[in-house]
Amino acid sequence: MKRLILLTAAMALIPGLALGQAIYPLDRATILSGSKFDFKVEFPTVVQPDQVEVLINGESYDTLLGATAEFIENEDESGGSSLLLRDVSITEPGSYTVEAKAGDTSRSVNWEVFGTSAEPRAKNVIFFLGDGMTVAHRTAARILSKGNTEGKADGRLAIDDLQYMAFIGTSSQDSIHNDSANTMAAYMTGHKSVVNALGVYGSRAASNFDHPKVETIGEAIRRATGKSIGIVTNTEVQDATPAAVVSHTRSRNDKPEITEMHFAVAPEVLMGGGSAYFLPQSTPGSKRVDDKDMIAEFQGAGYTLATSATELQQAVADHTDGKILGLFNTGNLDTTLDIRQLKKGTVEQFPDQPLVADMTRAALDVLSKDPDGFFLMVEDGHTDKATHALDWERAVYDMIALDQAIAVAREFQEANPDTLIIFVGDHTHGLSITGTVDDDKPGDEMREKVGTYGDAGFTNYTDEDGDGYPDRMDVSKRLMMYLGNFPDHYETFGPKLDGQFVPAVADADGNYIANEAYKDVPGAVLRTGNIPVSMNAGTHSVDDEVLQASGPGAENFRGYMENSDVYRVIAEALALAPATN
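27 is the number of the first residue of the sequence shown in my numbering; add one for each residue after it.
Hints in this document: simulated from the structure, not taken from any laboratory. Values in this document were obtained by computation on a predicted structure and should not be read as measured data.
Below, simulated DSSO-like cross-link-like pairs (lysine-lysine); rule was C-alpha separation at most 30 Å, straight line:
| # | residue 1 | residue 2 |
| --- | --- | --- |
| 1 | K545 | K475 |
| 2 | K475 | K370 |
| 3 | K475 | K172 |
| 4 | K370 | K503 |
| 5 | K503 | K369 |
| 6 | K178 | K467 |
Restraint ranges, calculated between C-beta atoms of paired labels, are given here:
| # | residue 1 | residue 2 | range |
| --- | --- | --- | --- |
| 7 | A343 | E471 | 50 to 60 Å |
| 8 | N442 | D76 | 51 to 61 Å |
| 9 | P377 | E138 | 48 to 58 Å |
| 10 | D524 | E96 | 49 to 59 Å |
| 11 | K369 | G92 | 56 to 66 Å |
| 12 | E138 | G92 | 15 to 25 Å |
| 13 | K178 | K395 | 38 to 48 Å |
| 14 | D113 | D76 | 23 to 33 Å |
Positions of the beta carbon are idealized from the N, C-alpha and C atoms, including for glycine.
Construct the complete structure from the given sequences, taking the supplied hints into account.
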């Protein structure tokens with residue numbers, strides 16, 4: 027009976043259920059003192075204003091929040107009334123109980139408002155995000171980059187020496203599962219949200235831009251400090267991870283609008299792909315639906331444009347007080363494997379794309395000129411995108427590329443010990459190293475060439491030029507890695523040298539079936555999918571992420587933490603709410 031009562035109580039807290047009102051921010055929200063947020067109460071039915079009572083710590087909400095909310099009698103024809111108050115803040119740290127009543131229904135939530143010390147622990151924060159990163163990506167990167175002899179790694183990755191560690195929960199406001207938008211937004215706002223959302227709580231509002239907003243780290247830094255901001259990615263700059271630093275929308279796909287949100291916050295450094303969303307619709311290749319020329323807007327605001335690795339080097343060399351906009355592809359940059367070795371994807375069209383380490387070094391050169399310090403976010407997005415495609419070779423090659431960017435940051439940290447470095451993934455994939463596959467084993471059945479336990483032995487990747495990358499991926503004895511969640515596809519037991527793997531294609535009914543382009547690869551095996559046929563790629567997993575950090579404030583990462591707790595450590599390190607503790 028006790029479990030039934032607890033279950034009933036928990037159901038009453040789920041937004042949208044008729045057992046009670048929905049209140050935003052949610053129950054157990056942690057809110058930075060002085061940060062801006064939207065306060066919203068949603069009632070399950072249409073009510074009248076005189077039926078509504080909303081209290082915060084026993085007093086009318088407007089006493090604390092300093093304004094009266096808009097009453098919406100039937101919000102977007104949803105059949106329910108709402109109270110909405112935009113851009114409020116609470117300056118006094120402490121515990122707050124919010125109670126909302128309308129007729130016979132009621133709901134209460136608890137918030138914790140936290141302050142920080144008056145003086146920052148860290149002058150600079152460099153936040154590295156390995157999108158979709160799992161422990162398997164890291165292990166494979168170490169094997170491919172450094173080697174392993176008699177059971178011991180022959181070298182260490184840069185991430186191996188980051189001092190502090192924590193397990194990070196990645197579940198969402200609406201699901202135990204996750205996506206890159208709401209997980210990165212949790213790091214960048216301190217608030218949980220729904221899948222596909224950036225900088226907002228998922229409510230019943232009809233417009234993507236009307237959901238209750240919470241302040242992003244970019245906005246907090248602009249409001250509370252004089253620090254510079256940098257955003258670096260090898261995806262589109264409008265993609266979920268870089269967008270989370272600045273954006274507010276229920277849909278991560280609002281990329282033209284996200285471009286304008288970047289412009290509103292105006293990071294001193296913005297680098298990646300996605301130029302198609304900057305160009306006016308009249309320009310070939312544009313993905314805008316208006317005539318705004320966002321490149322011209324950025325240039326008018328003092329940004330130097332770089333469209334290649336060579337131009338980026340020149341822009342950094344010429345840099346004085348301006349800002350840098352690096353746009354190196356109309357879409358995502360190509361994977362590191364394609365850029366460095368295979369020359370596939372769009373490399374022929376964009377032959378001079380910088381790697382993540384190149385962009386990180388350039389960003390640090392620019393941002394470090396700010397005497398107030400900086401916040402820099404660096405993402406490798408291809409650990410995720412290639413893993414979705416069941417193309418672990420490209421994913422791991424990019425894991426090595428990200429580790430080399432972290433090595434650049436570690437060198438900077440040695441000279442600037444007041445720098446906090448954080449490295450984490452936003453969510454995991456169901457990826458594991460299961461052993462090796464040895465082409466020299468006899469027979470034609472590739473599955474019989476897979477070695478496990480003692481039969482796995484060691485791989486024969488080489489790095490003759492010492493650059494940290496394997497000289498080739500199609501060695502005769504290589505890692506065998508599998509995803510646990512996948513569509514129908516043909517497993518070929520080897521790297522896809524002709525281009526990124528496309529495991530499944532749509533049939534006449536729109537269901538995804540194994541791509542027969544790989545059917546006749548010698549030894550290929552049909553694997554029947556274990557996810558719905560409406561999905562054409564591997565999916566995320568709910569496993570905890572592993573966070574590592576080093577520098578002032580890093581000791582606060584320990585044990586199990588929610589992804590939304592990471593924001594608080596950053597805020598405290600940078601003292602984003604000074605003189606409130």
